[in-house]
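K.L.:
Start from the sequences, fold in the hints, and give me the full structure.
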Amino acid sequence: MNPLQTAVLRVLELDARTPVSEIAAQVGATEAEVEAIIVAAQKNGLIRSYRTRIDWERAGQPRVFAFIDVSATPERGSGYDRIAERIYRYPEVHSVYLVSGTQDLRVVVEGETIQAVANFVAERLATIDGVRGTQTNFLLKKYKEDGVFFTGAETEDARLPVTPSA
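Counting from 1, position 154 in the sequence shown corresponds to residue 154 in this note's numbering; the numbering is continuous, with no gaps.
Calculated from the structure, these hints are not laboratory results. Among the hints, erroneous ones may be present.
What the hints assert, rightly or not - Now the in silico label distances, taken between C-beta atoms and shown as ranges: (1) Pro62 / Ile128: 24 to 32 Å; (2) Val108 / Gly60: 17 to 25 Å; (3) Asn44 / Thr18: 31 to 39 Å.
No experiment lies behind these values; they were computed from the predicted model shown. Using N, Cα and C, we set each Cβ at its ideal position, and we do this for glycine too.
P.N.:
Quick look at the structure:
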């Protein structure tokens with residue numbers, strides 16, 4: 001990937017609604033060049049999706065999120081991939097990651113209630129072949145997600161104080 005392509009994708013990553021004309025001005029390219037980069041990135045799978053971050057709590061429809069650490073037995077020939085695939089196919093599952101440490105997979109799950117998440121873990125996740133155990137941690141408060149503040153700090157330009165070193 002060349003530096004121009006990288007620059008265009010970085011702008012889109014920060015705000016997918018940025019007009020092509022503005023991206024072109026920011027990266028020093030023509031609108032046609034930017035459009036071609038975006039179309040190519042969509043076709044070859046570099047751009048995976050365009051999403052909107054909704055503050056459902058503020059909308060009066062809070063959701064329950066949990067981070068579930070899964071201990072699993074890898075399968076011959078596929079490692080953890082098949083187990084992860086079984087997990088990520090459930091609609092409640094937002095994300096699945098292979099992680100280092102004492103657990104093998106980290107699963108992010110959404111439910112309407114704590115009980116709904118608990119039922120998902122007990123009845124679906126823990127019963128998957130290869131899953132040896134789970135540890136569930138519920139999200140208590142969201143401060144920032146994917147660069148978006150959820151704390152009322154509406155200005156993203158707030159700078160941390162810097163103290164000069166001696």
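K.L.:
For the pair Pro62 and Ile128, does the Cβ-Cβ distance stay inside 24 to 32 Å?
P.N.:
holds, 28 Å
K.L.:
Tell me if the beta carbons of Asn44 and Thr18 are separated by a distance inside 31 to 39 Å.
P.N.:
Between Asn44 and Thr18, where Cβ atoms are some 20 Å apart, the hint is violated.
K.L.:
Does the Cβ-Cβ separation between Val108 and Gly60 fall within 17 to 25 Å?
P.N.:
holds, 23 Å
Comparing the model with each numbered hint stated earlier shows that hint 3 is the single one that does not hold.
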